[in-house]
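Going down the list, the protein sequences come from chains A and B.
Here the first sequence stands for residues 1 to 340, where the numbers follow full-length UniProt numbering.
Here the second sequence stands for residues 1 to 340, where the numbers follow full-length UniProt numbering.
Keep in mind that the hints are not guaranteed to be accurate.
[To be verified] In silico lysine-lysine, BS3-like type, Cα no more than 30 Å apart, as pairs:
| id | chain 1 | residue 1 | chain 2 | residue 2 |
| --- | --- | --- | --- | --- |
| 1 | B | Lys116 | A | Lys47 |
| 2 | B | Lys336 | A | Lys265 |
| 3 | B | Lys197 | A | Lys116 |
| 4 | A | Lys116 | B | Lys47 |
| 5 | A | Lys140 | B | Lys47 |
| 6 | A | Lys46 | B | Lys140 |
| 7 | B | Lys229 | A | Lys100 |
| 8 | B | Lys47 | A | Lys47 |
| 9 | B | Lys73 | A | Lys116 |
| 10 | B | Lys116 | A | Lys304 |
| 11 | B | Lys180 | A | Lys263 |
| 12 | A | Lys236 | B | Lys336 |
| 13 | A | Lys263 | B | Lys73 |
| 14 | B | Lys263 | A | Lys236 |
| 15 | B | Lys141 | A | Lys140 |
| 16 | A | Lys116 | B | Lys141 |
| 17 | B | Lys236 | A | Lys263 |
| 18 | A | Lys304 | B | Lys212 |
| 19 | A | Lys336 | A | Lys263 |
| 20 | A | Lys336 | B | Lys321 |
| 21 | A | Lys229 | B | Lys243 |
| 22 | B | Lys263 | A | Lys263 |
| 23 | A | Lys140 | B | Lys304 |
Simulated from the structure, these hints should not be mistaken for laboratory data.
All values reported here derive from a predicted model rather than from experimental measurement.
Number of protein chains: 2
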Amino acid sequence: MIILNLLNKGGLVLKSMRDIAREAGVSLATVSRYINKNGYVSEEAKKKIEKIVKQTNYTPNELARAIFSKNSKIIGLLVPNISNPYFNELALIIEEYVSKHGYSIFLCNTNDDPTKEREYINVLQGHRVAGIFTVRAQCKKEYELFTVPVVSFESIISDDIVTIVTDNYQGGKLAFDHLKSNGCNHLLHITGLDFSKAVHDRYQGFLDEAKKEGMSVDIIRFESDFQRKMLEANIKTLENIEKYDGVFVFNDIAAATVIRYFKQKNVHIPDEVQVIGFDNSYIGEFLFPSLTTIEQSVQEVGNKMADALIHLINGETIENKIIMIQPNVLVRESTKAKKE
Amino acid sequence: MIILNLLNKGGLVLKSMRDIAREAGVSLATVSRYINKNGYVSEEAKKKIEKIVKQTNYTPNELARAIFSKNSKIIGLLVPNISNPYFNELALIIEEYVSKHGYSIFLCNTNDDPTKEREYINVLQGHRVAGIFTVRAQCKKEYELFTVPVVSFESIISDDIVTIVTDNYQGGKLAFDHLKSNGCNHLLHITGLDFSKAVHDRYQGFLDEAKKEGMSVDIIRFESDFQRKMLEANIKTLENIEKYDGVFVFNDIAAATVIRYFKQKNVHIPDEVQVIGFDNSYIGEFLFPSLTTIEQSVQEVGNKMADALIHLINGETIENKIIMIQPNVLVRESTKAKKE
Numbered sequence: 001m002i003i004l005n006l007l008n009k010g011g012l013v014l015k016s017m018r019d020i021a022r023e024a025g026v027s028l029a030t031v032s033r034y035i036n037k038n039g040y041v042s043e044e045a046k047k048k049i050e051k052i053v054k055q056t057n058y059t060p061n062e063l064a065r066a067i068f069s070k071n072s073k074i075i076g077l078l079v080p081n082i083s084n085p086y087f088n089e090l091a092l093i094i095e096e097y098v099s100k101h102g103y104s105i106f107l108c109n110t111n112d113d114p115t116k117e118r119e120y121i122n123v124l125q126g127h128r129v130a131g132i133f134t135v136r137a138q139c140k141k142e143y144e145l146f147t148v149p150v151v152s153f154e155s156i157i158s159d160d161i162v163t164i165v166t167d168n169y170q171g172g173k174l175a176f177d178h179l180k181s182n183g184c185n186h187l188l189h190i191t192g193l194d195f196s197k198a199v200h201d202r203y204q205g206f207l208d209e210a211k212k213e214g215m216s217v218d219i220i221r222f223e224s225d226f227q228r229k230m231l232e233a234n235i236k237t238l239e240n241i242e243k244y245d246g247v248f249v250f251n252d253i254a255a256a257t258v259i260r261y262f263k264q265k266n267v268h269i270p271d272e273v274q275v276i277g278f279d280n281s282y283i284g285e286f287l288f289p290s291l292t293t294i295e296q297s298v299q300e301v302g303n304k305m306a307d308a309l310i311h312l313i314n315g316e317t318i319e320n321k322i323i324m325i326q327p328n329v330l331v332r333e334s335t336k337a338k339k340e
Numbered sequence: 001m002i003i004l005n006l007l008n009k010g011g012l013v014l015k016s017m018r019d020i021a022r023e024a025g026v027s028l029a030t031v032s033r034y035i036n037k038n039g040y041v042s043e044e045a046k047k048k049i050e051k052i053v054k055q056t057n058y059t060p061n062e063l064a065r066a067i068f069s070k071n072s073k074i075i076g077l078l079v080p081n082i083s084n085p086y087f088n089e090l091a092l093i094i095e096e097y098v099s100k101h102g103y104s105i106f107l108c109n110t111n112d113d114p115t116k117e118r119e120y121i122n123v124l125q126g127h128r129v130a131g132i133f134t135v136r137a138q139c140k141k142e143y144e145l146f147t148v149p150v151v152s153f154e155s156i157i158s159d160d161i162v163t164i165v166t167d168n169y170q171g172g173k174l175a176f177d178h179l180k181s182n183g184c185n186h187l188l189h190i191t192g193l194d195f196s197k198a199v200h201d202r203y204q205g206f207l208d209e210a211k212k213e214g215m216s217v218d219i220i221r222f223e224s225d226f227q228r229k230m231l232e233a234n235i236k237t238l239e240n241i242e243k244y245d246g247v248f249v250f251n252d253i254a255a256a257t258v259i260r261y262f263k264q265k266n267v268h269i270p271d272e273v274q275v276i277g278f279d280n281s282y283i284g285e286f287l288f289p290s291l292t293t294i295e296q297s298v299q300e301v302g303n304k305m306a307d308a309l310i311h312l313i314n315g316e317t318i319e320n321k322i323i324m325i326q327p328n329v330l331v332r333e334s335t336k337a338k339k340e
């Protein structure tokens with residue numbers, strides 16, 4: 001048996017297994033069969049082993065098991081920024097789902113840095129994880145070379161990799177329609193870092209819909225993504241925004257800083273200006289006024305990602321590689337429309 | 001050489017190493033010495049190998065290396081709730097620090113559930129991580145049996161384990177002194193889940209100081225820790241809090257819900273009621289009015305945790321096992337005192 005041979009060479013695990021065998025009064029092979037769940041072990045032997053295992057706090061060597069059975073119970077989850085409330089809520093939902101299937105999540109924060117993303121891919125590959133979730137991926141080639149299943153959110157990596165995407169273009173259109181039907185005439189769109197296709201599509205949908213309606217839109221770009229002192233980092237770009245009566249912001253956390261800016265300037269929301277965000281992250285509920293937003297259901301995104309990866313790990317194929325999520329308007333206090 | 005023997009038995013890695021050796025025109029032993037950095041490899045051979053390694057996207061088998069060299073470059077970080085902004089900021093700081101020493105962080109979310117915490121400890125132990133950071137640990141015995149270095153924040157696990165703790169009792173006293181010196185007479189303290197010693201100490205410090213000054217304090221407990229709909233989950237407990245003129249809340253995210261409650265009721269902050277939180281998480285800066293808080297510097301906590309664990313991993317000893325952080329009052333808009 002290969003595992004046993006290996007363990008003989010390795011020493012590290014053998015010592016523990018031999019100890020257990022001696023103390024339980026059973027053979028080493030029996031302990032190995034028990035630990036690796038690959039062969040008959042009598043009920044009597046099981047009981048003896050379990051008693052000793054409990055006493056000695058023995059942990060099966062997941063490393064050795066992963067190398068030879070290719071059966072690691074770890075899934076890597078790469079997110080661009082765990083301090084964005086949308087991504088950390090997504091992580092919680094995915095974790096809850098996969099834990100029901102016996103998997104644990106190792107969360108890796110790439111900080112939107114391709115070098116760090118590449119390092120994490122290597123580390124996860126080295127640890128022979130069962131699969132990877134990746135959010136807003138920037139490294140593409142690395143995932144294509146990866147030999148275990150990958151499910152992506154936001155970034156389309158290749159034709160072979162299952163990707164969950166929100167219809168961000170449609171979301172941008174919905175934001176425009178909501179502000180227009182609420183009577184806004186002077187529109188501003190605040191957009192974010194330009195490498196994100198999701199952020200770009202929100203922008204394009206908003207602009208195209210405005211053009212169709214013959215309205216012009218001014219644009220401001222936040223160069224600093226979410227972090228402490230976000231308002232301070234971007235405040236210069238917000239000067240003179242009091243002249244607008246409708247603002248669409250690329251995500252909720254950026255919208256929170258815009259709302260705080262207006263309140264500091266004593267501009268009343270929603271009477272003087274209406275503000276709409278994107279995501280439906282929980283921060284929107286803590287604000288006063290609470291934030292109207294284009295919701296991309298984090299529950300739906302998380303469940304679809306987890307469901308797809310579990311299917312792939314189990315060796316099933318998924319025909320439709322692009323899974324589209326439809327956004328909707330979630331009306332709260334920062335725009336005029338009545339609650340639905 | 002043990003690693004080579006092992007790889008011969010295993011097959012999985014050997015195939016890649018043999019491929020590299022063949023394509024580079026060098027011996028398998030040379031490739032092994034190169035990959036495992038344990039022996040002489042000529043400059044010429046190095047160049048040949050590196051060229052092929054680059055082309056074939058070879059990842060050294062971290063698993064095999066970790067088993068035999070006990071030299072995994074992964075550190076586990078267990079946090080009770082990644083959606084608490086204090087903990088996710090802490091994770092970012094720790095990660096930045098240890099990455100300079102060549103380590104990656106696997107973030108594990110225990111959700112304050114001892115069963116989940118235990119599972120993660122087992123998984124990390126199975127993967128032979130280099131060390132563990134644990135925040136608000138509930139399982140104690142498991143860490144004591146752990147063979148690699150552990151650094152704890154908030155929970156004192158045993159006399160042997162290095163622990164970073166904020167002087168939460170002192171923090172509670174500071175909160176009382178601040179509200180009293182600002183003229184508050186009708187005090188309320190909102191506390192949290194009762195298993196947390198940190199939360200209990202904040203409560204006790206606040207109460208003891210009030211007692212010393214001959215003032216009474218009413219107490220409310222939030223049964224639901226931070227999560228979406230936190231306000232809705234705890235709103236019943238907040239009925240009739242308009243009668244207080246000073247409120248100390250056990251953490252910032254709970255304080256955010258209290259501020260929103262007062263604003264919904266048209267109670268003016270800080271003129272009618274002053275609110276002070278605890279932590280200095282970034283959410284406090286997004287609120288209007290922004291939140292006065294008892295700061296336990298996340299930068300200081302993160303740096304001290306990381307510094308201690310790196311020292312322990314390097315085989316050094318730390319004499320003083322309890323490292324105390326002193327809190328301070330960070331005055332913003334939700335209390336009357338002028339900004340410092």
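Taking the hints in turn, this is what the structure says about them:
1. B:Lys116 with A:Lys47: holds (25 Å)
2. B:Lys336 with A:Lys265: OK: Lys336 of chain B and Lys265 of chain A at ~20 Å, within 30 Å.
3. B:Lys197 with A:Lys116: The hint is violated at about 36 Å.
4. A:Lys116 with B:Lys47: Distance ~25 Å between Lys116 of chain A and Lys47 of chain B Cα, so the pair holds.
5. A:Lys140 with B:Lys47: At roughly 26 Å apart (the allowed maximum being 30 Å), Lys47 of chain B and Lys140 of chain A satisfy the hint.
6. A:Lys46 with B:Lys140: holds (28 Å)
7. B:Lys229 with A:Lys100: holds (24 Å)
8. B:Lys47 with A:Lys47: It is violated: about 55 Å lies between the C-alpha atoms, which goes past 30 Å.
9. B:Lys73 with A:Lys116: holds (14 Å)
10. B:Lys116 with A:Lys304: The hint holds at about 23 Å.
11. B:Lys180 with A:Lys263: Given that 30 Å is the threshold and the Cα spacing comes to 28 Å, the pair holds.
12. A:Lys236 with B:Lys336: holds (28 Å)
13. A:Lys263 with B:Lys73: Violated - the C-alpha atoms of Lys73 of chain B and Lys263 of chain A are around 47 Å apart, more than 30 Å.
14. B:Lys263 with A:Lys236: holds (28 Å)
15. B:Lys141 with A:Lys140: It is violated: about 43 Å lies between the C-alpha atoms, which goes past 30 Å.
16. A:Lys116 with B:Lys141: The hint is violated at about 35 Å.
17. B:Lys236 with A:Lys263: holds (28 Å)
18. A:Lys304 with B:Lys212: The hint is violated at about 57 Å.
19. A:Lys336 with A:Lys263: holds (17 Å)
20. A:Lys336 with B:Lys321: The given pair, whose Cα atoms are some 57 Å apart, is violated under the 30 Å limit.
21. A:Lys229 with B:Lys243: violated (34 Å)
22. B:Lys263 with A:Lys263: holds (13 Å)
23. A:Lys140 with B:Lys304: Cα-Cα ~36 Å, so violated.
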